[in-house]
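> Spelled out, the chains give:
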Amino acid sequence: MKKLLKIVIILAIIGLGAAFIVYKFVYNQPHTNFEKAKAEFSLTAVDFYNEFINNKEAASAKYNGKVVEITSEVSKIESDTNIAYIVFVFSEGVFGDEGIRCDMLPDFIEDVKMLKTGDKVTVKGYCTGYNDTDVIMENCSIIK
Amino acid sequence: MIPMSSWKIVQSSNKLKMRKLIFILVLAVSANYSFSQKYMTKTGYIRFFSSAALENIEAHNRAVMTALDMSSGEFIFKVLIKSYTFEKALMQKHFNENYMESDKFPNSEFKGKIIDIKNVNLKKDGIYQVTAEGDLTIHGVTKRVKVPGTVEVKGGKLITKAKFSVALSDYNIKVPKAVVNNIAENIDIYVDCVLEPSTK
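Protein sequence lines, in the order shown, are assigned to chains V and S. Count along the first sequence from 1, add 1108, and you get the number used in the numbering used here. Count along the second sequence from 1, add 9, and you get the number used in the numbering used here.
Please note that the accuracy of each hint is not assured.
Claimed, not checked - Pair by pair, the computed Cβ-Cβ distance ranges are:
#	chain 1	residue 1	chain 2	residue 2	range
1	V	1149	S	132	41 to 51 Å
2	V	1140	S	201	22 to 32 Å
3	V	1139	S	151	26 to 36 Å
4	S	136	V	1127	45 to 55 Å
It should be emphasised that the hints constitute simulated quantities derived from the structure, not laboratory data. These numbers come from a predicted model, not from an experiment. Beta carbons are placed, not taken as given, at the ideal position from N, Cα and C, and that holds for glycine.
With the rest of the complex left out, here is chain V:
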């Protein structure tokens, strides 16, 4: 009887441990740290943009959901108190400028505000796709 109790207690502890591990590392797994994430692709911003323009499906399959590093000269900066975008413009559409929009991580907002049009930067971020106007990059950081 005592032996059975022991087994039950041990099983319960193992069960709780497993539940805790699942809870912590599966259910509560952390978001990707995009600042530290390694880029799967590194290319010029214009080449990156043109791949979407030339073949939206192929470029989406290749880049959507991936960390990409792009380099170009800044076309414009859009910023507010707690939000900032680096924008690379490559085309004119019905609604104005079209290109790549990089939504910056909070830690980089101040750095972005110091950038000027024409400054050469390398931006790393998470590509979420092309909305027929712009290629969208999120969680972006400045590499150099």
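Start from chain V and add chain S according to the hints.
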């Protein structure tokens, strides 16, 4: 007979008049352009909320591209599925891989017309009730929907807001039996976009 010198004056004053006329014409045309009444944003906000027995799930997306032509009421509203962020990374993963299949269907779109756009007076700040009617595409399935909302005219900008609900089954989004208590059958969607006059 007009003396030569004064003839020149008449001529130059005519030229001046002509220039004035051209100037006024150019002004009128460019003024017309600025009244082309296209409004847009690339940083529109959309949020959805699922309220089920076991948990509430919420996701945010601030990369909505939307444009509205105030003269016709026509609009386009584009959302990238991978731009939605969740509190929990696992939910975000499941949302993309199991439910929305965002590799296969990267975009959602709402395209149509605000049918009562004439009610909105751009010259008078205020909140106007409107109805948007159009084709809503989610998860590769397109449905004709009617969505009530508001357009607020404020300092030359348009603050558009809408709240509506979509049934997952309408868009062929399947929820496994194991998680029916975690995910609502109807998802509430909130839209909040500040549109500015388009430069084009």
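> Run the structure past the numbered hints and jot down the numbers of the failing ones, going up.
The structure breaks none of the hints.
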